[in-house]
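Novice: Letter by letter, the chains look like this.
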Amino acid sequence: MTTKKSALWSFFSSVQLAVVLLSLIAFFAVIGTLVPQREAAVELAGRLSPGMFSFLDKMQIFDLYHSIWFFLLMILLAVNLIVCSLDRFPMAWRRFRLRPVTSDENVYKNLPEENNFQTTLESFRVKAVVADLLKKRFRRFESDDERGSSFFYAEKGRFSLFGVYIVHLSILVLIAGALIGFFSGLEGYVNIIEGRTVNALNLRNGNETLNLPFDVRCDKFSIEFYENGAPKSYQSDLTFLRNNQVISSGKLRVNHPLELEGFRFYQASYGASPEIKATLTVLKNGKKTMDKTIGLGEIFNLPGGEAVQVIRVEENLMRMGPAVKLVVRGAQEEAAFWVFQQIDKIREMNPGMVEQVPMFNPGSFRPYLFVLTGVEEKYYTGLQITRDPGTPVVFAAAVLLICGLMLVLFSYFRQIWIRIDEEKDRSKITIAGRSYKNREGLEREVRYLLAELKNNLEHSK
Amino acid sequence: MMDTTILSWVTFIYFAAFVFYLFRIILGREFWGKLATGTALAGLAAQSVALIIRWKTSYDLGIGHAPLSNFYESLIFFAWAIVLLYLLMEWRLKNRSIGAFVLPVAFLLMAYASIAPGINNRIEPLIPALQSNWLTSHVLTCFMGYASFTVAFALGIMFFLKKDTNAESTNPGVFARLLPSEFLVDELIYSSVALGFIFLSLGIITGSVWAHYAWGSYWSWDPKETWSLITWLVYAVMLHTRLVRGWRGKRMAILAVVGFGCVLFTYLGVNLLPSLHSYMT
Chain C
0 MTTKKSALWS
10 FFSSVQLAVV
20 LLSLIAFFAV
30 IGTLVPQREA
40 AVELAGRLSP
50 GMFSFLDKMQ
60 IFDLYHSIWF
70 FLLMILLAVN
80 LIVCSLDRFP
90 MAWRRFRLRP
100 VTSDENVYKN
110 LPEENNFQTT
120 LESFRVKAVV
130 ADLLKKRFRR
140 FESDDERGSS
150 FFYAEKGRFS
160 LFGVYIVHLS
170 ILVLIAGALI
180 GFFSGLEGYV
190 NIIEGRTVNA
200 LNLRNGNETL
210 NLPFDVRCDK
220 FSIEFYENGA
230 PKSYQSDLTF
240 LRNNQVISSG
250 KLRVNHPLEL
260 EGFRFYQASY
270 GASPEIKATL
280 TVLKNGKKTM
290 DKTIGLGEIF
300 NLPGGEAVQV
310 IRVEENLMRM
320 GPAVKLVVRG
330 AQEEAAFWVF
340 QQIDKIREMN
350 PGMVEQVPMF
360 NPGSFRPYLF
370 VLTGVEEKYY
380 TGLQITRDPG
390 TPVVFAAAVL
400 LICGLMLVLF
410 SYFRQIWIRI
420 DEEKDRSKIT
430 IAGRSYKNRE
440 GLEREVRYLL
450 AELKNNLEHS
460 K
Chain P
0 MMDTTILSWV
10 TFIYFAAFVF
20 YLFRIILGRE
30 FWGKLATGTA
40 LAGLAAQSVA
50 LIIRWKTSYD
60 LGIGHAPLSN
70 FYESLIFFAW
80 AIVLLYLLME
90 WRLKNRSIGA
100 FVLPVAFLLM
110 AYASIAPGIN
120 NRIEPLIPAL
130 QSNWLTSHVL
140 TCFMGYASFT
150 VAFALGIMFF
160 LKKDTNAEST
170 NPGVFARLLP
180 SEFLVDELIY
190 SSVALGFIFL
200 SLGIITGSVW
210 AHYAWGSYWS
220 WDPKETWSLI
230 TWLVYAVMLH
240 TRLVRGWRGK
250 RMAILAVVGF
260 GCVLFTYLGV
270 NLLPSLHSYM
280 T
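Taken in order, these protein sequences are the chains called C and P.
Numbering-wise (numbering that gives the first Met the number 0), the first sequence opens with residue 0 and increments by one.
Numbering-wise (numbering that gives the first Met the number 0), the second sequence opens with residue 0 and increments by one.
FYI, nobody ran anything at the bench for these hints, they're computed from the structure.
In this text, all values refer to a predicted model and were calculated from it rather than measured experimentally.
Be a bit skeptical, because a hint or two may be false.
To be verified - Capping the alpha-carbon separation at 20 Å, the derived lysine to any residue pairs in SDA-like fashion look like this:
#	chain 1	residue 1	chain 2	residue 2
1	P	LYS93	C	LYS286
2	C	LYS436	P	PHE182
3	C	LYS231	P	ILE126
4	C	LYS324	C	ALA335
5	C	LYS436	P	PRO124
6	C	LYS250	P	PRO127
7	C	LYS436	P	SER190
8	C	LYS436	C	ALA91
9	C	LYS231	P	GLY248
10	C	LYS250	P	TYR212
11	C	LYS155	C	LYS427
12	P	LYS33	P	ARG91
13	C	LYS436	P	TYR212
14	C	LYS436	P	LYS33
15	C	LYS250	P	ILE126
16	C	LYS436	P	HIS239
17	P	LYS249	C	LYS231
18	P	LYS93	C	VAL18
19	C	LYS436	P	GLY245
20	C	LYS231	P	PRO127
21	C	LYS427	C	ALA130
22	C	LYS231	P	TRP133
23	C	LYS250	P	GLN130
24	C	LYS231	P	SER190
25	C	LYS231	P	HIS239
26	C	LYS286	C	GLU274
What the hints assert, rightly or not - Sample of chain P residues lacking proximity to chain C, with all beta carbon distances greater than 12 Å (derived):
#	residue
27	MET0
28	THR3
29	ILE25
30	LEU50
31	LYS162
32	ILE197
33	MET237
C-beta: ideal position from N, C-alpha, C; glycine also.
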């Protein structure tokens with residue numbers, strides 16, 4: 000230790016500060032789950048006075064996790080981690096570099112009486128037993144013969160000295176990754192009706208939109224249901240274009256995002272679009288002349304030049320199934336009538352009705368007869384789009400964190416010295432150990448080694 | 000529905016095991032201890048069989064998935080993990096006294112799963128968001144973590160009981176003598192929390208990898224995510240105070256109880272808040 004550390008350094012290197020900061024982060028996190036955040040905060044606006052609401056809003060209480068307070072806590076935590084690690088790492092490094100001396104006499108000083116015992120076995124036998132045990136327990140060991148005594152040394156978990164610094168580094172990397180995401184990432188969403196193309200998305204925070212460097216077209220949306228009515232799977236067939244040239248395409252499913260140029264696309268939701276289409280077959284004098292799929296309000300021409308417009312599309316009209324209302328305009332005459340898909344069933348149930356009420360007669364405009372073969376509701380697909388260059392950094396931090404935690408919690412740097420002193424017809428065996436943390440574990444280890452040695456020596460007689 | 004029948008029997012088996020562990024402590028005879036261990040083992044075996052049957056049944060129904068997909072299944076797995084961890088601990092320590100504190104938690108979870116209204120015990124197909132290989136690893140690690148913290152909580156309660164009985168008389172009764180020493184309880188609290196901390200970290204990480212694939216972001220400050228972070232922070236504080244400040248005994252026991260409160264809120268309380276994790280049917 001060179002100089003006395005400054006008060007500021009001690010403050011930032013203290014574990015008390017770490018405990019306070021971790022508790023504060025936890026406290027803020029609790030508040031954030033109790034006070035509605037972001038969009039959800041709007042409901043509070045009605046219940047609080049306007050002054051109160053705008054004050055809380057200015058204090059960023061409604062976006063706590065992205066607030067200046069949370070940011071400051073993160074910065075303080077980062078400084079705390081850096082300073083405390085810089086403060087303690089040199090010591091850990093010295094301990095790591097310190098090469099133990101196998102025949103070190105100092106380690107045997109001040110040992111309790113029960114750390115040694117005597118045996119009448121020949122010393123070469125004793126040495127073999129000690130070597131066997133150390134090999135079994137520590138895999139490798141060193142030995143040395145000096146001044147009529149034999150010395151053994153074994154260790155494990157030397158790298159666990161770095162465990163805590165790896166954990167701290169992982170948290171710093173995590174904060175860095177989160178900051179990268181905060182400053183250069185984006186999160187948006189867009190709904191695309193089947194068949195449509197979009198090239199802008201709505202950003203999650205604020206009402207801004209962002210133009211993508213390419214166009215996205217939803218060619219088809221499909222959904223399957225279980226028998227109980229719950230959705231089984233849904234997917235969007237997407238095509239990505241630039242200047243009307245296809246650059247990529249793929250099927251987007253839940254849990255299987257697509258990635259293009261740093262943007263990741265997720266299947267987030269779906270819904271029925273206001274757009275609905277009808278498929279019609281037109282017969283002229285009883286002979287089929289054309290098929291047409293047509294949307295609401297659209298117009299098409301019959302072979303004779305007459306214009307047909309779809310003015311209503313209903314999935315279930317008066318509980319008689321799908322129906323469309325058409326207006327047909329010829330040169331002289333005009334007719335408006337409903338075309339039901341289940342016309343045969345309606346005829347059966349209400350004999351004569353179709354013929355008597357022109358409004359319900361699909362053959363009202365002679366000589367044509369209109370048959371509705373289907374009403375198809377269109378879906379829109381809800382896509383979530385994100386770009387977060389910080390993600391790989393965050394996952395690297397996660398790997399570091401687990402490695403570091405394993406070292407901190409389940410590995411200990413443990414050193415064991417054993418010496419065998421020959422005294423006339425007997426040998427004295429002494430065991431010493433050193434551990435920088437988990438002294439109890441070291442004591443257990445020494446007790447175990449003593450018991451095993453006594454037992455093994457007994458058996459080798 | 001053979002699996003649910005077996006599982007409702009397991010509930011009673013765990014209750015019996017709890018009673019036998021209690022007899023052992025009160026009567027001080029090891030006979031009850033052996034009976035308790037045997038009963039708990041039988042319960043665990045029966046529960047494992049029920050889980051396997053449930054798993055297999057889901058494949059027979061053509062909707063195959065691990066039995067970890069709804070609230071009922073999570074309660075059952077939680078209880079299973081607790082008993083498994085406890086029996087491993089009993090076997091390693093050769094000490095049966097913790098059972099009287101751990102088994103009632105497993106029993107309560109099982110009872111809640113079978114009795115509470117509105118809990119659906121049918122095998123349901125998975126909605127698209129849950130159709131992921133990450134489901135099993137995420138739920139498995141989280142609940143192993145929860146189970147370790149539950150054992151730490153039971154040890155914390157035991158620590159206070161032991162302290163109380165010790166303080167009351169100079170000549171502690173059989174009750175206090177059969178409980179492990181305060182020193183050992185403290186060590187065990189630390190070991191359980193250390194194990195739970197690794198599992199919770201893995202649970203949060205597998206969860207965020209999954210969220211990265213399913214929701215488009217590794218972290219969305221969803222209440223369940225946030226509460227798992229709060230729990231993680233509480234145990235992080237606990238480990239710091241112990242490893243650096245040398246806190247022991249009573250303070251560790253208090254933190255083990257507080258931490259378990261956070262675990263419970265993460266598991267159950269969060270459902271009172273709007274959440275993406277709302278699979279509680």
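Novice: Tell me the hint numbers this structure goes against, listed in increasing order.
Specialist: Violated hints: 1, 5, 9, 11, 13, 14, 17, 18, 24, 25, 26, 32 and 33; rest satisfied.
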